[in-house]
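**Student:** Chains as they are written, first to last, in the numbering used here: chain A, 1 to 538; chain B, 539 to 985.
One should not assume that every hint holds.
[What the hints assert, rightly or not] The calculated lysine to aspartate or glutamate pairs, modelled on EDC-like cross-linking and capped at a C-alpha distance of 20 Å, are:
#1 A/K122 with A/D144
#2 A/K114 with B/E833
#3 A/K374 with B/D830
#4 A/K114 with B/E858
#5 A/K456 with A/E417
#6 B/K685 with B/E977
#7 A/K507 with A/E397
#8 A/K374 with B/E833
#9 A/K381 with A/E397
#10 A/K448 with A/E358
#11 A/K450 with A/E504
#12 A/K198 with A/D144
#13 A/K114 with B/E682
#14 A/K381 with A/E358
#15 A/K317 with A/E428
#16 A/K352 with A/E326
#17 A/K114 with B/D830
#18 A/K76 with B/E792
#19 A/K197 with A/D328
#20 A/K122 with B/E977
#21 A/K450 with A/D328
#22 A/K198 with B/E835
#23 A/K364 with B/D830
#24 A/K233 with A/E504
#25 A/K450 with A/E294
#26 A/K114 with B/E977
#27 A/K197 with B/E858
Think of the hints as simulated: they come from the structure by calculation, not from any bench.
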Amino acid sequence: MKKMPEKKSDKKSNRSRSDEKKLKKTSKKPAKKPTARKSRKSEELYDDAIYEEELDIRDSDGAERPRNARKKSHNKSILFITYTFVFIFLCMIAYIVKFVVVDSEHRINSPYNKRQDLLAEKIVRGDILSSDGKVLATTVTNSDGTESRNYPYSRLFCHVVGRMDNSRTGLELSEGFSMLRSTTNPLQKLVNDFEGKKSIGDNCFTTLNYELQQTAYDALGSYKGAIVAMEPKTGKILCMISKPDYDPNTVSENWETLNSADEQESALLNRATQGLYPPGSTFKILTALEYMQEYERFNQYTYTCNGTANFHGYAMKCFNGEVHGEVDLTDSMAHSCNNSFANIGLSLDIKKFSATCEKFGYNKSIPFNFEYNKSSFALDKDSKTDEIIQTAIGQGETLVTPLQNLMVISTIANNGEMMLPQLVDHTENTNGKILNEYEEESLGQKCKRKYTRKMKEYLEAVVEYGTATSIKGHTYGIAGKTGSAEIDSTGKSHAWFVGYAPAENPKIAVSIVVEGAGTGSQYAVPIAARMFENYLGY
Amino acid sequence: MQNLAYSVTVQLSRYLIIIMFAVYVLGCFRVFSKTPEKAEKTYRRQIGLVIAIQFLAMLILFLSEPKKIYIILYVGGLAFVIFTDLAYRYVYKGISRVLLNTSIMLIMIGFVELARLNTGYAIRQLCFASSVSFIGLFVPIIIEKFKYFNKLAFLYALVGIGLLGIVFIFGKEQYGAKNWIFIKGVGVQPSEFVKLLFVFFLAASLEKTKSIKRLLFVSVIAAVHVLILVFERDLGGAFILFITYLAMVYIATEKFAYLLLGTAMGSGAAVVAYKLFSHVRVRVIAFLNPWDHIENEGYQVAQSLFAIGTGGFLGMGFTEGLPDSIPVVSSDFIFAAISEEFGVFFGICLILLEISCFIMFINIALKMKRVFFKYTALGLAVEYIVQVLLNIGGVVKFIPSTGVTLPLISYGGSSIISTYLMIVIVQGMYSINFTESQEVLKHEEDA
Chain A
1 MKKMPEKKSD KKSNRSRSDE KKLKKTSKKP AKKPTARKSR KSEELYDDAI YEEELDIRDS
61 DGAERPRNAR KKSHNKSILF ITYTFVFIFL CMIAYIVKFV VVDSEHRINS PYNKRQDLLA
121 EKIVRGDILS SDGKVLATTV TNSDGTESRN YPYSRLFCHV VGRMDNSRTG LELSEGFSML
181 RSTTNPLQKL VNDFEGKKSI GDNCFTTLNY ELQQTAYDAL GSYKGAIVAM EPKTGKILCM
241 ISKPDYDPNT VSENWETLNS ADEQESALLN RATQGLYPPG STFKILTALE YMQEYERFNQ
301 YTYTCNGTAN FHGYAMKCFN GEVHGEVDLT DSMAHSCNNS FANIGLSLDI KKFSATCEKF
361 GYNKSIPFNF EYNKSSFALD KDSKTDEIIQ TAIGQGETLV TPLQNLMVIS TIANNGEMML
421 PQLVDHTENT NGKILNEYEE ESLGQKCKRK YTRKMKEYLE AVVEYGTATS IKGHTYGIAG
481 KTGSAEIDST GKSHAWFVGY APAENPKIAV SIVVEGAGTG SQYAVPIAAR MFENYLGY
Chain B
539 MQNLAYSVTV QLSRYLIIIM FAVYVLGCFR VFSKTPEKAE KTYRRQIGLV IAIQFLAMLI
599 LFLSEPKKIY IILYVGGLAF VIFTDLAYRY VYKGISRVLL NTSIMLIMIG FVELARLNTG
659 YAIRQLCFAS SVSFIGLFVP IIIEKFKYFN KLAFLYALVG IGLLGIVFIF GKEQYGAKNW
719 IFIKGVGVQP SEFVKLLFVF FLAASLEKTK SIKRLLFVSV IAAVHVLILV FERDLGGAFI
779 LFITYLAMVY IATEKFAYLL LGTAMGSGAA VVAYKLFSHV RVRVIAFLNP WDHIENEGYQ
839 VAQSLFAIGT GGFLGMGFTE GLPDSIPVVS SDFIFAAISE EFGVFFGICL ILLEISCFIM
899 FINIALKMKR VFFKYTALGL AVEYIVQVLL NIGGVVKFIP STGVTLPLIS YGGSSIISTY
959 LMIVIVQGMY SINFTESQEV LKHEEDA
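Using the sequences provided together with the hints, build the complete structure.
**Tutor:** Here it is, written out as structure tokens:
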């Protein structure tokens, strides 16, 4: 590409200037191109058209310096521009390839993408299965050729698996495209395409454990609330329950009642990921962690609890007015001492506190391809004493989803490394070939190991001699934190428990909220006990 | 039976069209290293491939819906391809065949996609293309006869700024940018033609003198162009002219410092524009995170990415996608529609073809003997490629979307006419350059 002109210019520049002129004069003869000829005829060089050789000569000023120098650098600037654009375009191609290979997978699973129905015309939507192979959702082809989606376990998985009718939700929404892909046999698919027959879509294997789901579902009983559990090391979600629930098989028929304005139950809402609750005392984990990060000598912390206290004119009291006496940080956690934590809260740098909470997921989105709400932490540098002490004990404006609380406790259990929650283990075609194994994804180290090590001791103390002693006595250790989030002045509260087991080598972390039931110790801890027993044995 | 024929054709074509197009694009790159006889073979094969792809695509359209209009469009399109190929080879001596074939191919791709999206647009596009193709035959004669092309810097600047000024005062807003004027109901985008004048202006002004005074003068005139476009909210147009100005000053002066200085000032101006204009911020928001603003600012880009992502590498198959879900699909976002149905492989080949087209422009510029020709070819090359970058980059969210058309492919009379003129002007100058160097060679031999 660049050879041709250079060759010619070399040839030219070897000629002397007079030669050049001679050439121009001779070029009169053919008399074909008047424009070109005229310009060359004139002795004044820069009259009509300017030729590059002439430019070279002029620049050289008759001196002996190489005439090619300028010409060559001329080409250099042109080539620089050319290569720059080619480079930018190659980057763009790489970007497109990356988008199609990596990002498009979960991007196109959006309810705003109307193309699922197009694919569904060619492919029978695949099944959703639990990790132990139970079919949670399947497509049934009716005798008249129409298809309908069937949920064999009805209400049990209704929120996490989701529904197809009346706006898609859950995995039906987020995994729509993976189940509308058929990878069985490309040739067979081609033949099917030609014949207009439908191919069978790939199946989606979730991380959900059927037994655990059933146990937790039963344990929550008729209460409203949510339960969600995960493997702290991988982020795999083991169960997800939200009550009240509904039957996804008949959602169309019952849509009006389920969706009516005066419906107080909000059965359609997946409370596990979308329900926003005050965290209650479970929030003390982050308050204590922040205190440890700010005060190197946190081991020497002491506070004398008199049951009630007054902070700059604002009253605070421990649950039932209990008097905890002189407490250190361990005791404060174990007994969930409000006065001590209000005291701690006032000693914190609010800016840093806020940063820590955001690091742990408050006010932030996560790349979790599932419907969820952001949890919120509201303190800032202008916050008043009242707000600070309330927030420190988990009341105030702070709102958290059970999923967010699970991620906090899992991060402690996993020594400070937060894992991205994950609901799909892999997809598999109808021949049983595993296609798309989802890899665990770390969201990063959220705090130093030395603090999580200490925090684990505190959480074990909660079970050992604190508010969750009723869960003690298993062959493995259990750690956790209870919470009773007051919701109104009548003393009604949401019962919380977040915890993990075995304490030595955590295999499961749980986050449980029971709406309006009472204390965490009384209503949430027993549910955790049943779940741990089911998953780990007694 | 017809259904079967349709689905067989669609499915086979998914692979066939990609393969044929890839072969075509490969030919554009490999032709450099071929002997003239072999190159001639490649050129012929390329036209064959254009005709074959067009046939397959129009066949699918006809099978999906047997309407007479598709037959008319097919015959019209085929006539355009054959006429342009033969006529230009005859009229233009020493024409760049790669560039000729590529411009035909690009127009044809846009044409079949428009036939699929909106037959009315396809008919009008064909009329525009045919007219400008016919007019283009006279370009070399005009350049030859009219020899003061390089003397009219002031006139180019005056007419350019005048046109932009008229739009600024009488213009109508369309898709957020005020760059249209309507003459008796016919919409024209003068900025498309100002692009040509702007390059002529720069080439003519920088041809001889590169003194600081001249550079300042050029910079002021360029700034007036760019600023008017910014105030008309035609950010894409403003960016194209600015980069062209920068590149041409750099090439003319060969001073890297000017390029750096210009880039720094351009970046500064971009920040100021971001702070000052809400429409700039909207584009940036849509670029940074279309997903969180999917109902408003990010809607168009998100829909475009859905189309590209769902189509995947092999595409949904022609007529099997849902390109109508993308706003302004037939002009600014046509690349997404093409990618969705013909596949991302096809889309990537298309980008490679645009690169080859740009390299061809540069190659021609390097061979030009007259400085004015050389600078004009370079300026047009930069304008062309920046516009392609803005368009495709915006569609795939590589850069913020600026609302420019994809040259020769997008629907739009002003766009296709001005881009086609760009190409024939370069071809015409190349042709003159060719005859001149033929003469020189002849005289060398005589001597």
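**Student:** Confirm or reject each hint.
**Tutor:** So, going through the hints one by one against the coordinates:
1. A/K122 with A/D144: Distance of about 17 Å is within 20 Å: holds.
2. A/K114 with B/E833: 14 Å, holds
3. A/K374 with B/D830: Distance ~13 Å between A/K374 and B/D830 Cα, so the pair holds.
4. A/K114 with B/E858: 13 Å, holds
5. A/K456 with A/E417: 14 Å, holds
6. B/K685 with B/E977: 19 Å, holds
7. A/K507 with A/E397: 32 Å, violated
8. A/K374 with B/E833: At roughly 19 Å apart (the allowed maximum being 20 Å), B/E833 and A/K374 satisfy the hint.
9. A/K381 with A/E397: 15 Å, holds
10. A/K448 with A/E358: 16 Å, holds
11. A/K450 with A/E504: 15 Å, holds
12. A/K198 with A/D144: 15 Å, holds
13. A/K114 with B/E682: 55 Å, violated
14. A/K381 with A/E358: Holds - the C-alpha atoms of A/E358 and A/K381 are around 15 Å apart, at most 20 Å.
15. A/K317 with A/E428: Distance of about 56 Å is beyond 20 Å: violated.
16. A/K352 with A/E326: 28 Å, violated
17. A/K114 with B/D830: 18 Å, holds
18. A/K76 with B/E792: Measuring from Cα to Cα gives roughly 8 Å; hence the hint holds.
19. A/K197 with A/D328: Violated - the C-alpha atoms of A/D328 and A/K197 are around 71 Å apart, more than 20 Å.
20. A/K122 with B/E977: 64 Å, violated
21. A/K450 with A/D328: 18 Å, holds
22. A/K198 with B/E835: 37 Å, violated
23. A/K364 with B/D830: 13 Å, holds
24. A/K233 with A/E504: 13 Å, holds
25. A/K450 with A/E294: 13 Å, holds
26. A/K114 with B/E977: 62 Å, violated
27. A/K197 with B/E858: Holds - the C-alpha atoms of B/E858 and A/K197 are around 16 Å apart, at most 20 Å.
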